[in-house]
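S.K.: Residue-level listing of the chains:
Number of protein chains: 2
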Amino acid sequence: MAETKDADAIFKNFKEHSIAEFFKKNRQMLGYAGKVRSLTTIIHEYVTNSLDACEEAGILPDISVEIKEVGEEKYQITVSDNGPGIPKAMAGKALATILAGTKFNRHMQQRGQQGIGAASCTLYALITTNKPIHIKSGTGKDAYECDIGVDVKSNKPIVTNMSTLEKGSIVGVSINGEFGEIKYENSDHGVYEYLKRTALSNPHISIKLKEPTGNEVSFPRHTQVLPKRPKQIKPHPLGLTTNDLVDFAQYSTSNKLSSFLIDTFSRVTYNKIDELKTIAPNINFDSDPKKISWADAEELIRSFKKIKWISPEMDALSIIGEEQLKVAVKNILDPEFSQIIERKPKVFRGGVPFVVEAGIAFGGGAGKQGKEVVGGNILRFANKVPLLFDSTNCAITEAVRNVQWKRYGINNFDEEPISVIVNVSSVYVPYSGVGKQAVSQEEEIIEEIKLAVQDAARGLQKYVSHIRNRNMQESKYKTIMRYINQLSGDLSELTGAKKEKIESSLNAIIKNKYKSVFDDDTKSEEVQEDANTPEGLED
Amino acid sequence: MAETKDADAIFKNFKEHSIAEFFKKNRQMLGYAGKVRSLTTIIHEYVTNSLDACEEAGILPDISVEIKEVGEEKYQITVSDNGPGIPKAMAGKALATILAGTKFNRHMQQRGQQGIGAASCTLYALITTNKPIHIKSGTGKDAYECDIGVDVKSNKPIVTNMSTLEKGSIVGVSINGEFGEIKYENSDHGVYEYLKRTALSNPHISIKLKEPTGNEVSFPRHTQVLPKRPKQIKPHPLGLTTNDLVDFAQYSTSNKLSSFLIDTFSRVTYNKIDELKTIAPNINFDSDPKKISWADAEELIRSFKKIKWISPEMDALSIIGEEQLKVAVKNILDPEFSQIIERKPKVFRGGVPFVVEAGIAFGGGAGKQGKEVVGGNILRFANKVPLLFDSTNCAITEAVRNVQWKRYGINNFDEEPISVIVNVSSVYVPYSGVGKQAVSQEEEIIEEIKLAVQDAARGLQKYVSHIRNRNMQESKYKTIMRYINQLSGDLSELTGAKKEKIESSLNAIIKNKYKSVFDDDTKSEEVQEDANTPEGLED
Numbered sequence: 001m002a003e004t005k006d007a008d009a010i011f012k013n014f015k016e017h018s019i020a021e022f023f024k025k026n027r028q029m030l031g032y033a034g035k036v037r038s039l040t041t042i043i044h045e046y047v048t049n050s051l052d053a054c055e056e057a058g059i060l061p062d063i064s065v066e067i068k069e070v071g072e073e074k075y076q077i078t079v080s081d082n083g084p085g086i087p088k089a090m091a092g093k094a095l096a097t098i099l100a101g102t103k104f105n106r107h108m109q110q111r112g113q114q115g116i117g118a119a120s121c122t123l124y125a126l127i128t129t130n131k132p133i134h135i136k137s138g139t140g141k142d143a144y145e146c147d148i149g150v151d152v153k154s155n156k157p158i159v160t161n162m163s164t165l166e167k168g169s170i171v172g173v174s175i176n177g178e179f180g181e182i183k184y185e186n187s188d189h190g191v192y193e194y195l196k197r198t199a200l201s202n203p204h205i206s207i208k209l210k211e212p213t214g215n216e217v218s219f220p221r222h223t224q225v226l227p228k229r230p231k232q233i234k235p236h237p238l239g240l241t242t243n244d245l246v247d248f249a250q251y252s253t254s255n256k257l258s259s260f261l262i263d264t265f266s267r268v269t270y271n272k273i274d275e276l277k278t279i280a281p282n283i284n285f286d287s288d289p290k291k292i293s294w295a296d297a298e299e300l301i302r303s304f305k306k307i308k309w310i311s312p313e314m315d316a317l318s319i320i321g322e323e324q325l326k327v328a329v330k331n332i333l334d335p336e337f338s339q340i341i342e343r344k345p346k347v348f349r350g351g352v353p354f355v356v357e358a359g360i361a362f363g364g365g366a367g368k369q370g371k372e373v374v375g376g377n378i379l380r381f382a383n384k385v386p387l388l389f390d391s392t393n394c395a396i397t398e399a400v401r402n403v404q405w406k407r408y409g410i411n412n413f414d415e416e417p418i419s420v421i422v423n424v425s426s427v428y429v430p431y432s433g434v435g436k437q438a439v440s441q442e443e444e445i446i447e448e449i450k451l452a453v454q455d456a457a458r459g460l461q462k463y464v465s466h467i468r469n470r471n472m473q474e475s476k477y478k479t480i481m482r483y484i485n486q487l488s489g490d491l492s493e494l495t496g497a498k499k500e501k502i503e504s505s506l507n508a509i510i511k512n513k514y515k516s517v518f519d520d521d522t523k524s525e526e527v528q529e530d531a532n533t534p535e536g537l538e539d
Numbered sequence: 001m002a003e004t005k006d007a008d009a010i011f012k013n014f015k016e017h018s019i020a021e022f023f024k025k026n027r028q029m030l031g032y033a034g035k036v037r038s039l040t041t042i043i044h045e046y047v048t049n050s051l052d053a054c055e056e057a058g059i060l061p062d063i064s065v066e067i068k069e070v071g072e073e074k075y076q077i078t079v080s081d082n083g084p085g086i087p088k089a090m091a092g093k094a095l096a097t098i099l100a101g102t103k104f105n106r107h108m109q110q111r112g113q114q115g116i117g118a119a120s121c122t123l124y125a126l127i128t129t130n131k132p133i134h135i136k137s138g139t140g141k142d143a144y145e146c147d148i149g150v151d152v153k154s155n156k157p158i159v160t161n162m163s164t165l166e167k168g169s170i171v172g173v174s175i176n177g178e179f180g181e182i183k184y185e186n187s188d189h190g191v192y193e194y195l196k197r198t199a200l201s202n203p204h205i206s207i208k209l210k211e212p213t214g215n216e217v218s219f220p221r222h223t224q225v226l227p228k229r230p231k232q233i234k235p236h237p238l239g240l241t242t243n244d245l246v247d248f249a250q251y252s253t254s255n256k257l258s259s260f261l262i263d264t265f266s267r268v269t270y271n272k273i274d275e276l277k278t279i280a281p282n283i284n285f286d287s288d289p290k291k292i293s294w295a296d297a298e299e300l301i302r303s304f305k306k307i308k309w310i311s312p313e314m315d316a317l318s319i320i321g322e323e324q325l326k327v328a329v330k331n332i333l334d335p336e337f338s339q340i341i342e343r344k345p346k347v348f349r350g351g352v353p354f355v356v357e358a359g360i361a362f363g364g365g366a367g368k369q370g371k372e373v374v375g376g377n378i379l380r381f382a383n384k385v386p387l388l389f390d391s392t393n394c395a396i397t398e399a400v401r402n403v404q405w406k407r408y409g410i411n412n413f414d415e416e417p418i419s420v421i422v423n424v425s426s427v428y429v430p431y432s433g434v435g436k437q438a439v440s441q442e443e444e445i446i447e448e449i450k451l452a453v454q455d456a457a458r459g460l461q462k463y464v465s466h467i468r469n470r471n472m473q474e475s476k477y478k479t480i481m482r483y484i485n486q487l488s489g490d491l492s493e494l495t496g497a498k499k500e501k502i503e504s505s506l507n508a509i510i511k512n513k514y515k516s517v518f519d520d521d522t523k524s525e526e527v528q529e530d531a532n533t534p535e536g537l538e539d
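Chains L and F, in that order, are what the protein sequence lines are. Using my numbering, the letters of the first sequence correspond one by one to residues 1 to 539. Using my numbering, the letters of the second sequence correspond one by one to residues 1 to 539.
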C-alpha cells in the first residue's frame, strides 16, 4: 500500500500551470483527438481565421490549402489567404499565445471567438514534430517572414529567423507547418469534406486544395457579393446577468447610472428609465455607475424583466442568405429537389439574438453517398463554419432527428438521399465544448431549428409522392410493353391486319396513357427557379 | 454596412486573457449549464476534492452536504469533510486559482486531475452572487477560517478576514458559499442522485445530505475497509509520445540515456536496452539524456514499438472491487437479480492501463423508476466518480447500447427494470471535455466495456426467462382455480361424491402441478450469495 500523507506532504507538490500546459495534456478538448480529426482541426483553425480577417477587411477571400505527406503520419501543411495580414509585432502572440486575440468579448458575430485556434496549431506542431511554424505575411505597410514556436510553461511565443520581405511581395498570410500524428483521409470527417462544406456556406469564397496525392481540387467562388458585414451591437437588457451589468459599469465613462444604461445597452431610452424608476423606486439613477452595488444591480436586472422591450438589434447577424445558399446547394450538391428557408431572427436566454437558415436537398448528389448505400445526412453549420464532429451532442442533430419525417414523405431518414443543411448564426453561439463542434442543446434554439427544417421540408412530401407515382407508372408501362410484340402478332393472326401497324398503334395508345413517364419533370419548381440566377452571381 | 479595417486597425484590439476570464465567458464548458446541473457541478467539485484528499491521507471519509435556499435561485451550500485539511498558506490558490493544484501530471489515478474544480466554484459564486466563499480548515498543525475571492483578470486569489482558530477545533475542510442561478431538484441530474451514485461507487464513505426542505438523507458507510491506495507508477514505454520522452529527459538526473530510460519508465531493463541497441544502432545510449535530439527520441519511440514488453504495472489502478460493489448494489438498489464483474486490467493507446468493472441489476429498485414507467438506465462512473451529464457522448453509453440485449432476455432495454453499472478506472481517463462528464469514445475502451457488460449479463437471460415462465404458470394457475368451485359442484352432482372432498383433491393436484408458483425462488443465486457478507462489512 502506498504511504498516506498529511496536508503539508500533499501540498508540497502544489503547482500552477499555464493554459498551454493544460491543453498540451488535454489536446482532445481542442479537437486533437484521432488522426483524421486532428488534421481537419488544423485546417479548420487556419481557414476560420482567414475568413474572419478577410470579412473584417472587406476582401473577397481566396484561400489555398496544400497538404504534403513528409513521413509516417507527418504532413507539411500550408494555408494561404489574400487577407489583411498580421502586423509584424503581433505575429508571435497571435499565432502562439493561447487566449490572446482580437475577438474576445466583442459582442459581434465572428467565426473565431476565443483566441485559441491558431495558437493550438502551433502547440500541436511543437508536441508532434518539435518544429515551429513558419509565417509569411504582408499587411500593405510591411512584409516579413519568421518562425514561431511557443514556450509551453509560460504560454509565450518564441519568434526566430525574422526577416523583412520586399513590400508587396506577399499579400495576406501564408502559414506553413509540419504536423505529426495526423492522417489525410477522404472521409466524412476529412479535410475535403470540411472545405466542401465551407464552400457551401460561404459562396463568396474561392478555395483551392492540393491533396497529398498531388490531386488539385477547386471550389470556385459563386458570387462576387461579400456577405453583409455584421455590426458590433450593444447588448440587450434581457440578455444580461447581474455580473455583466456590474462589469460594464466598472468601465463606464458616464457619470450617471441613467446615461450609462442608455449609452451601453440596446433599446434603453429615457422613457424606459422612467419606467424603471417606478418599478425600482429605491435605485438612484443619478448615482455614479462605477459605484453600483451588487444588490442594486440585481434589482435592476429583475426590473428589466418586468417591462416590455423592443427585440434586440438584428443587424449584428450575418447569414449565408437564401439566394446564396440556393446557388451553393445547386452547384455543390446538385439535387433533384431543394428548398431553402431563411427564418426571422429570434432570441435565446431572453436577449441573445440568433437566426436559423435551413435547407433540404433531395436526390441527385444529396444525402450520404456510400458505395452502395444511400442515406440522409445533416450538414451542420454555426456562424457559417461547418461542424463535422460531436454530432450527437448538438442542438442541430437533436432538432432534425425530432422532425416527424414521415409527414414529409420520408419513411426512414437514414435510407433516403436527403441532406438537411442548418446554419445557426449568433453573436454568441453557445458551443458545448472548447473545440466548438456542437451547439449546446438550448431549448429555444432546438425549437427554432425544428421549425426552420419543417418549413423547408414542406414541399418535399409533394415532390417525393410525385416521384414515387412516376416510378410506379414507369414500372407498369414497362410490364405492358413486354407483351406488345406477342399481342401484336396474335392480333394480326386473328384480324389479318399487319403486325407492324397493330404494334405501332398499340405503342401510341400506351405511350399516350403513360406519357408522364416520358416527361422530364423530375426537377421541382424550386430547382427550376434556380435557373434565374440573381444578378451578380456567376453561372 | 460596417466599416472595413486594415491589419493595424484589426489588431488594435489585440488582448491577452486569463483562463479565469475565458471560463467566466464559457462557463458551460465547466459544467455550469442549466440551473440543476450547475448546482450538481458545485457539489461534485467539492465532494471529489474531499474524497481525493481523504484517500491520500488514508482517512475513511465522512462527508456532509447542506443546501439552504436563501433567495430566488440562490442557495447557501456547505460541504464538510474529515480529511487532512488545506495548509493555511495554500488555501487561496487551492480554492481560487484555476489550473493550480497538486494533481497535474502525476501519473496516478485520482478523481481530480487539473486544478480547475474548486476554483471554478469560487468563480461561479463571484459571478452569480458577488460573494467570496468561506473556508474553515484544520490540518492538525493549524486551524483557521477566511474568505476567498478571485481576481478574474489575473486568475489570483483574494484572501480576506483570515483568523486563526483554536487548534483541533476543526478537522478537515468545511467550505461554505452562496451561489446563484442554480436550482435544487430531485431529478436524474440532481444532487440527490449524484450523492446516491457516489455512495454506490464508494462503499467506504459516509455521506449526509440536508436538503433545502430540511429533510435529512444519509448514505451510510458499508465497509470499514479503505480501498487499496493506487500507486504512483512509472509510465510504460508504449504509452509515450516523442514529446513525452523529450520532456522527461529534460528533468532527468541520470547522466546516461540508458539509465534515464531504466529509471524513468516502467519495464525498461538492461536487457531491454541491449535489445534497443540492436534495433537502433545509431543511438548512443551513453549520451546525456538532457541533450537527446528530437530525431533520436522519435527513433526510440519507433523502436519501443518493435520489441515485446511486459504489460504496464497495474497497481496504479484503484477500483471499487467486486465484493464492495455487490454490497453497495444490494444496499442501494436492492434488485431481484444482480451480477458484478471485475475485469482484468487492459491498456489503451498502447500503454495506458485501465480497468473496467460492470454490474447488472434487475428488478426491485433497479432501472429508471418513473411514476408509471419503468425503463433501463446506465449508471456511469469514471475513477468511481458518477457521470450524470453528456451521456450520448460517452464510451460507456456507446458500449452498453451496442450490446445485443435480446440475447440476454431483454427485448427492449428502455422498457425493463434494469440498471447497468460501469466504472472505468485509469491513471489517465480520456474525458471528452473540461467538465469531465463523458469518457472519450476510444475504440479499445468501448470494446472492453462491452465485454464486461456482456459478462455481467450472462446470467440474466436464464433469470429473466425463469421469471417469465413463473409469471405464465401463475396466470394459468389462477385461471384454473377460477373454475375449481364450479367444477367441484358439477362433479359432485354427477358422481354423488362430496363437493368439499372433490374440491380439496383438485386443489392438491393443481397446487402440485403449479408448485413453482409457490416457491419464493425469485432471488437469483448471485443475490443469495450476497447473504454471506465478507468480513469487515457492516450489515
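Among these hints, one or two may not hold up.
For chains that are exact copies, the list does not tell them apart, and a pair is met inside one copy or across any two.
Restricting the straight-line Cα-Cα distance to at most 20 angstroms, the calculated cross-link-like pairs of lysine to any residue (SDA-like) are [stated by the list, open to error]:
(1) K74 with G140
(2) K141 with L451
(3) K74 with T4
(4) K153 with E16
(5) K156 with L99
(6) K234 with T4
(7) K156 with E16
(8) K15 with Q250
(9) K131 with D244
(10) K368 with R302
(11) K68 with Q473
(12) K308 with D8
(13) K476 with D296
(14) K74 with T48
Derived by calculation from the structure, the hints in this document are not laboratory data.
S.K.: With reference to the structure, classify each hint as holding or not holding.
M.R.: Quick rundown of the hints versus the structure:
no.: 1; hint: K74 with G140; result: neither (34 angstroms within a copy, 54 angstroms between copies)
no.: 2; hint: K141 with L451; result: neither (49 angstroms within a copy, 63 angstroms between copies)
no.: 3; hint: K74 with T4; result: neither (45 angstroms within a copy, 38 angstroms between copies)
no.: 4; hint: K153 with E16; result: both (10 angstroms within a copy, 16 angstroms between copies)
no.: 5; hint: K156 with L99; result: both (11 angstroms within a copy, 17 angstroms between copies)
no.: 6; hint: K234 with T4; result: between (55 angstroms within a copy, 19 angstroms between copies)
no.: 7; hint: K156 with E16; result: both (16 angstroms within a copy, 11 angstroms between copies)
no.: 8; hint: K15 with Q250; result: between (32 angstroms within a copy, 18 angstroms between copies)
no.: 9; hint: K131 with D244; result: between (41 angstroms within a copy, 15 angstroms between copies)
no.: 10; hint: K368 with R302; result: neither (49 angstroms within a copy, 38 angstroms between copies)
no.: 11; hint: K68 with Q473; result: neither (52 angstroms within a copy, 71 angstroms between copies)
no.: 12; hint: K308 with D8; result: neither (57 angstroms within a copy, 41 angstroms between copies)
no.: 13; hint: K476 with D296; result: neither (77 angstroms within a copy, 72 angstroms between copies)
no.: 14; hint: K74 with T48; result: neither (23 angstroms within a copy, 40 angstroms between copies)
Checked against the numbered hints given earlier, this structure breaks hints 1, 2, 3, 10, 11, 12, 13, 14; the rest are met.
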